[in-house]
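S.K.: Each chain, letter by letter, is given below.
There are 2 protein chains.
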Amino acid sequence: MYQLLSGLSLIEVSSFVASPTAGLYCAQMGAEVIRVDQIGGGLDYDRYQLTTEGRSLSWENLNRAKKSVALDMRTAKGRELVQELAAKTGQLITNVPEKSFLNHAALKAAREDIITARIMGWGDGRQAMDFTVNAASGYPLMTGPAEWDADTAPPVNQLLPAWDFICGAYTAFALLAALRHRDMTGEGSELRIPLGDVAIGTVANSGAMAEMLYRGSDRERLGNAIWGAFGRDFMSRDGKRFMVAALTSKQWAGLVEAFDIAPQVAAIEAAHNVEFAQSDHNRFTHRDELFAVFQGVADTLDYDVMAERLARAGTTFERYRTMHEAANDRVLVDDNPLFGQSPKNPSGFRYPAPGPFANMPQRERGAPHSAPYLGADSEEILAERLGLGTGAIGKLIDEGVVATSDADTLGTRS
Amino acid sequence: MYQLLSGLSLIEVSSFVASPTAGLYCAQMGAEVIRVDQIGGGLDYDRYQLTTEGRSLSWENLNRAKKSVALDMRTAKGRELVQELAAKTGQLITNVPEKSFLNHAALKAAREDIITARIMGWGDGRQAMDFTVNAASGYPLMTGPAEWDADTAPPVNQLLPAWDFICGAYTAFALLAALRHRDMTGEGSELRIPLGDVAIGTVANSGAMAEMLYRGSDRERLGNAIWGAFGRDFMSRDGKRFMVAALTSKQWAGLVEAFDIAPQVAAIEAAHNVEFAQSDHNRFTHRDELFAVFQGVADTLDYDVMAERLARAGTTFERYRTMHEAANDRVLVDDNPLFGQSPKNPSGFRYPAPGPFANMPQRERGAPHSAPYLGADSEEILAERLGLGTGAIGKLIDEGVVATSDADTLGTRS
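In order, the protein sequences belong to chains C and A. Numbered by our numbering, the letters in the first sequence go through residues 1 to 414 in order. Numbered by our numbering, the letters in the second sequence go through residues 1 to 414 in order.
Treat the hints with caution; some may be incorrect.
Repeated chains share a single entry, so a pair holds when one copy, or any two copies, can fit it.
[Unchecked claim] Below, in silico cross-link-like pairs of lysine to aspartate or glutamate (DMTMM-like), each with a Cα-Cα straight-line distance of 20 angstroms or less:
| # | residue 1 | residue 2 |
| --- | --- | --- |
| 1 | K88 | D113 |
| 2 | K67 | D299 |
| 3 | K250 | D72 |
| 4 | K240 | D149 |
| 5 | K77 | D302 |
| 6 | K395 | E384 |
| 7 | K240 | E384 |
| 8 | K250 | E98 |
| 9 | K67 | E187 |
| 10 | K108 | E80 |
| 11 | K395 | E379 |
None of these hints come from the bench; they were simulated from the model.
Using the sequences and the hints given, assemble the complete structure.
M.R.: This is the structure we're talking about:
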């Protein structure tokens with residue numbers, strides 16, 4: 001953890017992926033992120049993968065370095081405590097609907113300059129999730145093998161909940177932008193970030209929407225080939241699959257060298273009266289002939305030989321790994337300073353845990369933190385943030401409004 | 001555009017997707033983002049889709065609301081001007097390698113408290129792109145139809161450059177975190193954000209890495225079914241494909257109502273002695289039997305009827321659209337306040353353009369801005385930021401170190 005956000009406290013009332021991610025990034029940069037959950041866990045507390053004891057490996061990775069307060073938000077008192085916490089800290093990340101006790105106006109009444117960052121489904125209020133905004137985006141019907149018939153090909157969902165992760169990072173950015181504005185002007189902000197707008201807005205930002213409108217039709221299905229440049233997956237003699245890509249003249253020259261195909265490439269250039277060295281466009285247009293030449297060489301070489309040649313020529317390539325392989329990869333994980341051995345996960349399972357994506361050579365990264373047990377910080381936060389005494393907190397616990405650490409109970413809801 | 005970042009200026013020396021996205025998000029929040037490019041355009045200036053005149057629809061969407069300075073960075077004077085601009089503004093977003101004239105130490109020598117945010121390939125310095133880190137992540141070998149044989153199934157690349165977009169948003173976040181730290185302490189920061197770490201770190205943050213290590217093997221291929229919960233694509237009688245998902249008890253109840261399948265669901269519950277209302281786990285475990293019941297109903301209904309029932313029951317669902325359909329969708333685009341008619345794109349092509357993803361009900365969103373012509377702001381920025389006079393700038397133009405707007409030339413490089 002770096003301490004760039006040291007001194008910043010925020011409340012997170014959150015579930016699933018996007019909203020917890022926004023809090024995670026802030027926590028990994030040194031902010032005090034206080035996640036408030038329903039006693040026994042919110043909607044995401046038992047998301048797969050579960051350990052045999054019922055602890056969610058999803059939850060314990062999306063909530064590292066945070067503090068946890070557990071309240072019964074079905075009671076008026078519990079809801080009041082969350083509102084007070086948000087007002088005291090001054091900033092809230094949430095995916096709870098605007099039509100709830102955490103609506104911006106209610107919080108603003110308690111603190112004029114509050115900042116709320118609220119992740120929504122669609123901008124018009126309809127529910128949405130990563131899976132459903134993805135269906136609307138157009139990507140699933142462009143994904144999959146090039147040889148599939150365009151009229152009957154099924155949609156292929158991306159497995160990465162990409163919209164959630166983009167939305168989470170953007171929300172952390174927008175929150176800091178609003179903080180900067182408040183530092184300058186004293187004004188609070190209400191930010192609403194619809195997951196659906198992140199999706200369709202990204203289609204537009206990438207240029208793909210303009211492309212569809214300009215062409216007046218969909219893009220042809222390309223399988224794993226890169227749109228508008230040279231790149232695809234190939235298979236080595238020993239059956240290893242790898243991706244190569246060339247977006248620059250230098251990268252292209254490296255590929256021609258590594259595959260040792262200068263004469264074949266020259267022959268294709270001559271046949272079509274084009275040159276490939278300087279032109280993404282030409283390399284893309286004649287990709288099928290080029291792909292055949294590349295695969296022809298790959299057919300004759302084992303991957304280790306191929307990889308050595310690709311690395312020596314300074315190309316951009318990567319072997320496809322299964323995720324289990326990736327998780328056990330020395331270079332990707334064990335020797336990567338992004339990861340440290342995580343301390344005391346709630347699950348009791350030990351495995352490498354990541355710190356912040358940003359690497360700051362002049363600062364100490366420190367070890368990654370674990371997620372809290374649910375409610376582990378309830379007493380501390382209520383005392384420090386709201387000034388409640390031991391007696392008052394004890395009473396709230398006795399009444400069932402507040403719960404303390406669930407370390408000795410299973411993570412599943414009753 | 002909102003003005004949360006009003007008063008902030010930054011230099012962007014950038015290409016492709018991740019790095020321009022970081023600048024885009026800042027520009028859409030009111031920062032002055034000065035993109036500096038090689039005269040004639042950098043490596044990404046002619047990325048697909050190109051118009052018939054050679055203007056890139058990718059470039060003009062990833063660079064909205066920015067200013068453009070065109071310099072010959074192959075000359076010492078051109079490089080010096082970029083270094084001076086970075087030192088004057090105090091912050092730089094780039095994906096230029098650390099081993100270049102834009103290395104942090106050189107810039108810090110010119111300005112002690114400078115902040116640089118540098119997007120890299122892999123953390124250890126090897127080249128990488130979205131396509132190659134994706135191959136390493138494990139996702140492509142989990143993607144595609146469930147019925148594919150695990151031993152021979154090809155990788156399926158996601159078409160969305162998701163790692164680039166996550167990395168871009170994260171970089172914008174990290175830059176603002178460093179700005180906040182400088183505001184508090186006066187200290188600058190060097191941030192390096194490896195695209196590869198964004199990918200493998202996200203695999204870890206999602207819990208999927210812990211899942212692989214806990215299970216000791218890969219996850220089974222699920223096609224479009226949601227991992228650990230209920231959801232999949234179905235097809236209506238009239239051949240429309242749609243995604244439905246239920247992650248909560250309420251959403252599940254809505255689906256059972258919309259599909260009118262309470263008796264069939266009860267029969268499956270009785271046969272296995274389980275209940276579905278409260279358990280993602282049970283709904284996932286028995287998904288195949290449930291999917292058959294759902295598809296059986298979908299077989300009998302046209303999509304419009306199905307959608308009306310799904311909406312009335314408050315479920316989360318979405319029809320798959322092609323991207324061309326999405327781009328022409330009234331609800332997604334034309335009636336969506338995220339979009340405005342874009343003014344004067346460099347391509348001359350007019351189409352809806354998005355503003356910032358965040359919606360701020362209390363502030364004026366304003367119309368989206370267009371991207372600049374390359375070099376359109378060279379003279380203004382050199383005069384205002386570096387205090388150069390008309391004569392000095394004219395001399396730099398005559399020498400070919402500086403270029404002005406390419407409005408009257410094609411966007412392609414010579």
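S.K.: Does each hint hold? Answer for all of them.
M.R.: Hints and how they fare:
1. K88 - D113: This pair counts as within: shortest intra-copy Cα distance 11 angstroms, inter-copy 32 angstroms.
2. K67 - D299: neither (54 angstroms within a copy, 48 angstroms between copies)
3. K250 - D72: between (60 angstroms within a copy, 19 angstroms between copies)
4. K240 - D149: Cα proximity of K240 and D149: across copies only (16 angstroms, versus 27 angstroms in one copy).
5. K77 - D302: Neither: 67 angstroms inside a chain and 48 angstroms across chains, both beyond 20 angstroms.
6. K395 - E384: within (17 angstroms within a copy, 63 angstroms between copies)
7. K240 - E384: Intra 57 angstroms, inter 55 angstroms, cutoff 20 angstroms: neither.
8. K250 - E98: between (51 angstroms within a copy, 18 angstroms between copies)
9. K67 - E187: Intra 27 angstroms, inter 28 angstroms, cutoff 20 angstroms: neither.
10. K108 - E80: Classified as within; 14 angstroms inside a copy, 48 angstroms across copies.
11. K395 - E379: Answer is within; shortest intra-copy Cα gap is 12 angstroms, inter-copy 68 angstroms.
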